[in-house]
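Colleague: The whole structure should be built from the sequences, with the hints applied where relevant.
Each protein sequence line maps, in turn, to chains A and B.
The first sequence: position 50 = 50 (the UniProt record's numbering), numbered continuously.
The second sequence: position 173 = 173 (the UniProt record's numbering), numbered continuously.
I should point out that these hints are in silico values taken from the structure, not numbers from a laboratory.
Being a predicted model, the structure only gives us computed values, none of them experimental.
Even glycine gets a Cβ: it sits at the ideal position worked out from N, Cα and C.
A couple of the hints might just be wrong.
Below, a sample of chain A positions facing chain B; criterion: calculated Cβ distance under 8 Å [unchecked claim]:
#: 1; residue: E28
#: 2; residue: A29
#: 3; residue: I37
#: 4; residue: S83
#: 5; residue: A112
#: 6; residue: V185
Distance ranges between label pairs, derived from CB positions [said to hold, decoys possible]:
#: 7; chain 1: A; residue 1: Y139; chain 2: B; residue 2: C175; range: 29 to 35 Å
#: 8; chain 1: B; residue 1: G25; chain 2: A; residue 2: I23; range: 46 to 52 Å
#: 9; chain 1: A; residue 1: P135; chain 2: B; residue 2: E30; range: 39 to 45 Å
Number of protein chains: 2
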Amino acid sequence: MVKLISTLGTTPGGVIETYLNLIRGNYEAEDPHPVKIDHIYVIRTDDEAVNFAWSLIKAISPCCESVKVELVDIPLNIKDIYSREDFVTFKQKISSVINDGDYVDITGGRKAMSAAAAISAMTKGKAHVVTSIIPQSEYSRISNLISKFRGMERELSEAGRGNCEPAAKSNLNFCELLSKDCRTVVLT
Amino acid sequence: MVKLISTLGTTPGGVIETYLNLIRGNYEAEDPHPVKIDHIYVIRTDDEAVNFAWSLIKAISPCCESVKVELVDIPLNIKDIYSREDFVTFKQKISSVINDGDYVDITGGRKAMSAAAAISAMTKGKAHVVTSIIPQSEYSRISNLISKFRGMERELSEAGRGNCEPAAKSNLNFCELLSKDCRTVVLT
Numbered sequence: 001m002v003k004l005i006s007t008l009g010t011t012p013g014g015v016i017e018t019y020l021n022l023i024r025g026n027y028e029a030e031d032p033h034p035v036k037i038d039h040i041y042v043i044r045t046d047d048e049a050v051n052f053a054w055s056l057i058k059a060i061s062p063c064c065e066s067v068k069v070e071l072v073d074i075p076l077n078i079k080d081i082y083s084r085e086d087f088v089t090f091k092q093k094i095s096s097v098i099n100d101g102d103y104v105d106i107t108g109g110r111k112a113m114s115a116a117a118a119i120s121a122m123t124k125g126k127a128h129v130v131t132s133i134i135p136q137s138e139y140s141r142i143s144n145l146i147s148k149f150r151g152m153e154r155e156l157s158e159a160g161r162g163n164c165e166p167a168a169k170s171n172l173n174f175c176e177l178l179s180k181d182c183r184t185v186v187l188t
Numbered sequence: 001m002v003k004l005i006s007t008l009g010t011t012p013g014g015v016i017e018t019y020l021n022l023i024r025g026n027y028e029a030e031d032p033h034p035v036k037i038d039h040i041y042v043i044r045t046d047d048e049a050v051n052f053a054w055s056l057i058k059a060i061s062p063c064c065e066s067v068k069v070e071l072v073d074i075p076l077n078i079k080d081i082y083s084r085e086d087f088v089t090f091k092q093k094i095s096s097v098i099n100d101g102d103y104v105d106i107t108g109g110r111k112a113m114s115a116a117a118a119i120s121a122m123t124k125g126k127a128h129v130v131t132s133i134i135p136q137s138e139y140s141r142i143s144n145l146i147s148k149f150r151g152m153e154r155e156l157s158e159a160g161r162g163n164c165e166p167a168a169k170s171n172l173n174f175c176e177l178l179s180k181d182c183r184t185v186v187l188t
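Modeller: Next up, the structure:
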C-alpha cells in the first residue's frame with residue numbers, strides 16, 4: 001500500500017480525480033495498473049483561498065465520490081512560496097512524508113511547490129511523480145463554480161463531517177467540482 | 001561561464017528579469033553573487049501563443065534591456081505537454097543541454113515543464129534551479145499588455161533584428177513587458 005501526496009493550490013485541483021484514476025488504473029504510464037492507495041496526504045500553505053479549497057476536498061469525499069481512504073491534512077505555517085526560506089520549509093516537509101513507491105501529485109499549487117515535490121520524489125525514496133490535466137474550459141468552469149460555495153461555511157463544515165443534507169438542501173452539488181475530462185499522467 | 005536555461009510559456013515570463021537579476025547578484029540564495037552567463041537557452045513548445053512570447057523576448061533584448069549574451073531558441077516539435085510522451089520529449093531535450101553549474105529557470109510554461117526542468121537540473125549535472133516571482137497585479141498587467149503587440153508582426157520582426165525604429169514609431173515600448181518588481185530565488 002502506498003500514499004498519494006498532493007500539493008494543493010486555490011482550486012480542489014485534481015486531488016480526487018488523480019486518486020480515482022490511479023486506483024482504477026486509468027492513467028498514462030509505462031505499465032498502467034490499479035494502484036492500491038491507503039492515504040491521501042494534502043500538503044498546502046496557510047492561505048485563505050487554499051484553506052477553502054481544502055474544505056471543498058473534505059466535502060467532495062463523503063458527498064460525491066466515496067473516497068475509501070483517509071485524507072491527511074498537512075498545513076504549513078507559511079502563506080505562500082515567496083522566498084527561498086519558504087521553498088526550503090515546503091521541501092523539507094514534503095520530503096519527510098515521502099516513502100518508496102508513493103505517488104507525488106504536482107498538479108495543485110505554485111510552480112515552486114511542483115518543483116520541490118518533483119525533486120523530493122526523485123531524491124527521497126523512489127517515488128512516482130504524477131499530474132492530472134484538465135481542459136482550460138473545465139478549469140475556468142470549476143474556478144467560477146467555487147464562488148458559488150462561498151458563504152456556505154456551515155454546509156461545508158457539515159459535509160466535511162459526512163453530513164451532506166444541509167449542502168443538498170442548499171442545492172450544492174460537490175460532484176460539479178470534479179472534471180469528467182481529467183487525464184492523469186505518471187511522469188516518472 | 002554558465003548558461004541560463006529557461007522554460008517558456010505564453011508570456012515573456014521572467015526570462016530577461018531572471019537573467020538581469022542573476023548577473024547583478026540580485027537574488028536570494030545561500031551565497032548570492034553576480035553570475036557570469038554566456039548564453040540564454042529558451043526551451044519551448046510549438047504553440048502560437050508561445051511563439052509570440054518568444055518573438056517578444058527577442059525584441060526586448062535590443063529595444064529595452066541590452067542583453068549582451070546570445071539568445072538560443074530551442075523549439076520542440078510538440079504543441080503542449082499533454083501526454084507522458086510529450087513529457088519525455090521535453091525532459092530529454094532539456095537534459096541534453098544542461099551542464100554542471102548552469103541555471104535552470106522554471107518560471108515559464110506548464111507545471112510538467114517546471115517539474116521536468118527541476119528533475120533534469122538535479123539529475124543531469126549539478127545545475128541550479130531558479131525561479132522569478134512577480135506580484136499577481138504585474139502578471140495581469142503584462143498579460144493584458146501582450147494583446148497590444150498583436151498584429152504588429154512587422155515591427156516585432158524588425159525589433160528582433162535589432163531595428164527598434166518601426167516599433168518606436170508605433171509607440172510600442174518593450175520595457176513595459178518587464179516587471180520592476182521581480183524577485184529571483186535560486187532554489188537549489
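Colleague: Run every hint past the structure and note whether it holds.
Modeller: Hints, one by one, checked against the model:
1. E28: Cβ of E28 (chain A) sits 4 Å from chain B, so the hint holds.
2. A29: holds (7 Å)
3. I37: Not OK, violated: I37 (chain A) not within 8 Å of chain B, min 20 Å.
4. S83: holds (6 Å)
5. A112: holds (6 Å)
6. V185: The hint holds - V185 (chain A) has a Cβ within 8 Å of chain B, the shortest such distance being about 5 Å.
7. A:Y139 x B:C175: 29 to 35 Å: holds (32 Å)
8. B:G25 x A:I23: 46 to 52 Å: holds (49 Å)
9. A:P135 x B:E30: 39 to 45 Å: Given about 41 Å between the Cβ atoms, the range holds.
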